[in-house]
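Participant: Single-letter residue listing:
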Amino acid sequence: MKLTLKIWRQGGKYKGEFVSYVLDKVSEHMSFLEMLDVLNEELVEKKETPVSFEHDCREGICGSCDMVINGQPHGPMRGTTTCQLHMRHYNDGDTIVIEPFRAKAFPVIRDLVVDRSSFDRIIQAGGFISVDTGQAQDANNTPIEKTTASEAFDAATCIGCGACVAACPNASAMLFTSAKVAHLSMMPQGKVEAKRRVQAMVKQMDEEGFGMCSNVTACEAECPKEISVENIAKMNREYISAVFGSETSV
Amino acid sequence: MSLTGLFLISFLVIHLIGNLQLLIDDEGEKFNLYAEFMTTNPVIKTVSYLLYFSILLHAVQGWMIWRKNRAARGQGYAVKVTRGAKGNSPKVAKAMGWIGTVVFIFLLLHLYQFWFQMKLDVIEYVEYNGESVKDLYSLVSVTYEDITFVIIYVLSMAVIAFHLLHGFQSAFQTLGLNHKKYTPFIKTVGTLYAILIPLGFAIIPLYMYFLL
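Top line first, the protein sequences correspond to chains A and B. The first sequence begins at 193 in this note's numbering and counts up one residue at a time. The second sequence begins at 131 in this note's numbering and counts up one residue at a time.
Watch out, some of these pointers could steer you wrong.
[Unchecked claim] Cross-link-like lysine-lysine pairs, in silico, PhoX-like; alpha carbons within 20 Å at most:
(1) B:Lys210 <-> A:Lys198
(2) B:Lys224 <-> B:Lys317
(3) A:Lys296 <-> B:Lys198
[Stated by the list, open to error] One-sided excerpt, in silico: chain B residues whose CB lies under 10 Å from chain A:
(4) Gly204
(5) Gly217
(6) Ala223
(7) His296
(8) Leu305
Derived by calculation from the structure, the hints in this document are not laboratory data. Heads up, the beta-carbon is just placed ideally off N, CA and C, and yes, glycines get one too.
With the hints as extra help, turn the sequences into a complete structure.
Facilitator: Shown next, in the form of structure tokens:
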């Protein structure tokens with residue numbers, strides 16, 4: 193199929209503008225990233241700068257392949273990343289607009305690549321367990337109820353891609369932060385530092401300049417791992433109880 | 131936002147119950163005596179100051195959040211499609227700022243038409259059993275003889291309905307009360323509330339215009 197791509201180019205000779213490319217002979221079996229690879233090969237042959245985009249695992253678990261495709265982070269399919277999106281969902285003659293994730297806290301480095309180290313700093317603020325949990329335990333040594341384990345696992349499937357921020361009209365990072373807070377606070381090892389963790393991570397999130405949640409739920413709709421906004425409520429609950437119900441302050 | 135919102139939500143119920151007395155066929159005696167009680171009782175007066183403060187705080191907070199959220203996006207998208215999670219419509223949630231602004235403008239008109247007239251003491255008095263009270267009932271019924279004000283009022287109620295539709299359940303979500311067991315209940319109650327309360331308010335001027 194023949195496609196027209198309007199891609200955001202920024203860096204080098206491009207000041208930040210959309211550039212149109214016509215790509216012929218796109219196979220429906222290609223993934224979206226493979227289609228971009230083909231475009232880049234053509235650009236390199238023509239001695240033009242290829243389009244920069246992030247990618248790593250290409251199997252939907254690393255959270256690198258961030259881009260907004262026709263207004264939707266990771267494209268039109270629910271519960272998938274860009275690398276899992278295939279060209280069979282497009283038709284011959286389609287125009288596809290490809291933009292980087294947009295947020296003050298995600299500055300564009302080049303073309304479609306954004307700097308998501310603000311997420312790293314949120315994790316550094318408290319998204320870990322620092323208490324000594326001893327040697328590797330025998331399986332089932334620490335009893336955790338199945339539903340709790342499943343809920344924690346659902347939150348833990350967050351790959352930190354940032355689609356929630358890109359999708360949110362407020363560029364809020366509540367879904368990401370809450371997934372991490374909820375995941376750790378449901379585990380016995382994580383409960384120990386729960387009061388400090390939630391306050392530290394929320395504080396860092398605010399300092400990074402993310403917006404505030406107004407319960408639009410676009411984050412859940414666009415999340416490639418379909419993380420539920422219930423986690424946001426969980427985090428708010430934790431936050432309120434940590435601020436008003438504990439002596440721990442950050 | 132959530133706390134002031136929930137306070138205003140509870141106020142609307144009281145306000146509606148009071149206003150429904152306008153429909154009683156007694157030339158407004160019950161309503162006028164109720165209005166006298168609401169404006170002179172010290173406890174109610176104290177709560178009313180809390181109410182004015184809440185309205186202003188809710189509006190100011192909303193405006194500040196709107197500003198902060200706009201700044202958080204920075205450069206916007208050339209193409210943007212906003213989908214909601216399953217069972218959620220993002221349209222109302224996204225428009226809350228504009229909807230709220232319309233509600234605020236309506237409130238200014240509404241307060242000027244009734245509350246301000248009461249405070250200015252420019253309305254007539256009426257006597258019940260030797261007690262002289264302000265005749266708010268007549269002011270209301272004269273106001274809603276004008277079809278323009280009836281239309282403005284009814285449309286404003288529709289706007290408020292959308293504001294409540296998102297606001298009700300959103301307040302619970304913000305306070306951390308989202309849970310598989312009781313969220314469906316909150317959503318049902320919220321939807322019923324958002325429809326029935328504005329409908330109850332809208333019936334009053336319609337009744338007064340068409341049936342009185």
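Participant: Checking each numbered hint in turn, tell me which of them this model violates, lowest number first.
Facilitator: none
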